[in-house]
Every structure is written in structure tokens, then in C-alpha cells.
Amino acid sequence: MQPIISVANLSKTYASGFRALKNINLDVQPGEIFALLGPNGAGKTTLIGIICGILNASEGSVTVGGRDIVRDYRATRSMIGLVPQELFTEMFETVWATVTFSRGLFGKAANLAHTEKVLRELSLWDKKDNQIRTLSGGMKRRVLIAKALAHEPQILFLDEPTAGVDVELRKDMWEVVRQLRASGVTIILTTHYIDEAEDMADRIGVINKGEIILIENKAELMRKLGQKQMTLNLQNKLDVVPKELSAYQLSLGAGGSDLIFTYDTQVDHTSIPALLADLGRAGINFRDLQTTQRSLEDIFVGLVSQKK
Amino acid sequence: MNLRGIAAIYIFEMARTGRTLMQSIVAPVLSTSLYFVVFGAAIGSRITEIEGVSYGAFIVPGLIMLTVLTQSVMNASFGIYFPRFTGTIFEILSAPISFLEIVLGYVGAAATKSIVLGLIILATSFLFVPLHIAHPVWMLVFLVLTSAAFSLLGFIIGVWADGFERLQIIPLLVITPLTFLGGTFYSTSVLSPFWQKVTLFNPLVYLISGFRWSFFEIADVHVGISLGMTIFFLVICLAVVWWIFKTGYRLKN
Ligand SMILES: Nc1ncnc2c1ncn2[C@@H]1O[C@H](COP(=O)(O)OP(=O)(O)O)[C@@H](O)[C@H]1O
Ligand SMILES: [Mg+2]
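Residue numbers (my numbering), protein chains in the order written: chain A, 1 to 308; chain B, 1001 to 1253.
Hints are computed from structural coordinates only; laboratory data are not their basis.
Treat the hints with care, as some may be off.
[Stated by the list, open to error] Selected chain B positions facing chain A (in silico; Cβ < 8 Å):
| no. | residue |
| --- | --- |
| 1 | Arg1004 |
| 2 | Thr1086 |
| 3 | Leu1093 |
| 4 | Gly1248 |
| 5 | Lys1252 |
[Stated by the list, open to error] Now the stretches of chain A that chain B is said to cover, found in silico as 3 or more residues with beta-carbon under 8 Å:
| no. | stretch |
| --- | --- |
| 6 | 52-64 |
| 7 | 67-75 |
| 8 | 81-89 |
| 9 | 124-136 |
Where is the CB? At the ideal position from N, CA and C, for every residue including glycine.
Just chain A, with the same shape it has in the complex (with noise of 0.2 Å):
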């Protein structure tokens, strides 16, 4: 398939002479979640503003839709809509005249219906005529994605989405995501919350100090890097981990009562079996087992301190 967004050998250097972004290569596929994962200051709000046309790039290129960000300014940018991080908001307008005014800049017809669906499902439908200046900050969150939506955009960029929101709120927004992802719509999404990444995202990428750092589907990600633990309840309490079971990678835990083995699943596949076996042997009996699995944040932390 097509990408939708292409990033090809993308550079930036701020005019300070701050390299933000180091030869970046993505491609976003048409219809994902895409969770672009990083720190704080790792370069993602700058790969956005390039991808939306709000900053020039020092180098490389991006197509979205096959189609040249420059070169074929419109036709992009008619396709995107973009949440930023910051509650960039006006003060005087209401909530009804910013979201018709997105839709107009976007070159759109008003169409009420679909701006009184958007403002309904972000229950903004009763502010409509409040100025936005009288918001809440969550509210003025709700009325920046009303604005991004207004035009019916084909792709989503939603930068560090759930930054101080509340939960209502992040709920709210996670249906509206998911509606859009039925209805086709792509979803690129910032975050340092990698629980977020979880839940939502198809596909992972991790970025630090400017760069990609690895670009995988969720699950493979979480496969390949991800080490699990199985915890086993004795019947019997052990003193130390005998010596006929020190091939594994076993340690005691609840004061001797739980046996722990730590594994790679990408590793090996058999020693599951084999250490039940041993255990057998042993004498060692269990009343029950837990297998919990790395999550991202151990391998997002892994990750990130790997590079430095």
C-alpha cells in the first residue's frame, strides 16, 4: 500500500542553529495509529509543524497522499488537521465562530450539520456561543479538535493529546479517535505517556534527541523487545533457589513463597516447558501462575538510555 505520509531524509535546524530533527526517515500507512513515542524536547512537535506546513525544512522532503507538502501545498494540507500541544486559542470568538472559521480557512462550504456533529460529540454543543476565553482549559482543549475536525480532514495530528487533561476528557477524545479510525481517517499521535501509545497505537515509532530510533508494529515491538515474567505461588516455601534450577534466571519473591522467571520470548520458547519439567523433578510444587509482560515504558526507557 500507498504511504500516506512519506518523511524522506527530513532535517531541520532552527535558526538558532539548534539541530532538531536528524535524517528522518517515516512513512505513516493510510487508516493506522500511529504513536510517534519520545521525551520532551525529542523533535516530535517539529516533525509535525514541517509535516503541516507551519515550519520550513532545512532538508529532505515529505509527500502526504503521494503529493509534495511544497510543491503541492493545498492539496496536503486540505487533507490534515492538527491538534497542537499548546492551547493555542483566541479570547474573543466563540466557540461556534472559531470552528465555522477553521472550516472556511480550510476552503470548506459551512456545513452546520457536520459542525454542530463535531462540537456535539466533544459536548461543546451547549458552549457554542460562549466566548473561548471563558473556558476551562480542558474545554479550550475540546475546542481546538473541533477546529482540526471542522474540515473533515483525512488525517489527524494529534500532539501530546492528553498533556493535563482530564479523564472525562481523555475518554471523550479516545471514542472520537476511535470513531475516526473506523470512518478511515489516519491518527499520528505524539505522546510521552506510553500507556497511551499501548492502547491506541498500531504502530510505534520512538524518537530521541532528533532521531528515529526504531519504527515497529505494536505488537511485534512488544514481542521482540518485550521480556516476560512468570510468577509461579509455591505450596511450599523456598530459602534460597535450589542449585539444580540455576541454568534459569530465577529469583524469590513474598518472603520465598513465589519462584519468578524472568524470560525473552524472542529468545527461547522452550524453557517454559523445561523449567516445569525441572520443577517436577525437584519436588517442587506450585498452586498457581502469573505471566506478566514488560510493558512499553521498560522498553521505551531501555531504549532511549541504549543510545546515550
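Could you slot chain B with the ligands onto chain A? The hints should help.
For chain B with the ligands alone, coordinates are given in the frame of chain A:
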């Protein structure tokens, strides 16, 4: 051409004026009326006529220009500076709209405001002095061109400024003095030949002179030169604006 985009910006800017009707319309009209009272009455009682035109009438074109020039610069510079200041400019920059269209929206709105304001002041001046406009069409041409040129200048200042003081500096320290020195309240022919030469370096002399010619057919410089200079100024401003968008100066870096 993204006509809806232009309209969106234009309507947005006009709505902003609507909310600040006091500052945008009432205040300039009031201050111009004061000029009439003070200058017309105080000076007019001494200088009764300039080149066959009563002094009160003579200063009308200059007063209109004074307001149009300052308001054009102030409105247009504020119009583009404010989104930069609040960050809402991101939306304009990310929209499928060309630089020319953005400029048309902002500068069109600022110019419209100035033209309306100029006409209101003109209407007001009929209350104070008897007036006859010799060339109403040329009067409108000068009014429109000047409003457009100085709104463009304001746009440039709004992009360049990195603080509210800088927004104020040009209108206060450059435009207003040059208008006063450019023959708002007198014909430059009353000056000594040396100072007459010096005034020719003041671009506003040409605008005011041309505008005054459309009223009374009297001018400090030939009206053709006035028109040429006005268009020249417009073109320079357009070129600078084009360069701003071409390079992304202060907007995209
Ligand atoms: N206008 C600017 N001038 C100079 N440096 C900047 C500018 N904007 C951002 N940066 C720097 O570029 C880097 C990347 O910033 P950003 O893209 O905002 O990161 P992120 O969104 O991942 O937190 C940061 O180190 C930031 O300080
Ligand atoms: Mg950011």
C-alpha cells in the same frame, strides 16, 4: 484560489473591529473633529485661505490621510501580530492558503477599515467646513491605494515586531511626524526652497498632495508623480511581503 479562506480571515478581522468599535471608529473621528476645532478655528482665523481654498477645507485631505495612514498601519500590524503572539497563527500557516490569499484577507480587512474610516471623517468634515470634491473618483483611487499600501506596511511591521512596543513605534515615531511634516496643515510652497527640497524625501508628501489635488486641484507635486509614488510604495511593500512568505521570515523558522 481559496476564496473561502480569504473570506474567513477577512470576516474574522472585520468582526474584531466590530468588537472594538470605540477604539476603531469613534476615537479617530473624535480626535479628527478636535483637529478641526483647534486648527480650523485657531489657525484658520489667521490664515484664511491657501491658494484660493479656505484653510478649514484645505486641511481636510491631510487630516483624512493622517488617520488613514496611522490606522492602516496599526490595524494591519495588530491583525497579524496578535495571532503570532497568541500562537493561533499555526492554523493559518497549516491551512491550504497561499501567502497572497493570507495577505488579501488581513490587508483587505485593514484597508477596508481605513477606507470606511476615511469616508466617515470626510462626512464629518462636511459638518465643519463647506467642501467641494473636484475629482471624487481620483479621491477614491488615492484613498484605496494609500489604505492598501499602508496596510501592507502594517502587515510587514506586524511580522517583524517581537513586542507590543515595536508595533507602536513606527506609527508614532515615523508615520505621524512625517504626515505632519508632509503638508497636512500647510502647503509646502510656504517653505523656503531648501526645505521644499528636503520635503521631497518624505514619501507622505506625495500621498497627501495627490489626495488634496483630487479635492481642490491644487498640489505641491504633480498629481502624476503622486500616483506613481503611491503605486511604487505599494509595489515595494508587496515585494517585501512576498519575500517574507518566500523565506518564512519570522513565521516558519
Ligand atoms: N523555535 C525554536 N528555536 C530553537 N530551538 C527550538 C525551537 N523550537 C524547538 N526547539 C528545540 O528543538 C528541540 C525539539 O523540540 P520539540 O520538537 O518541541 O520537541 P518535543 O515536541 O519532542 O518535545 C528541543 O530541544 C527544543 O528546545
Ligand atoms: Mg512537543
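Non-conforming hints, listed in increasing numerical order: 9
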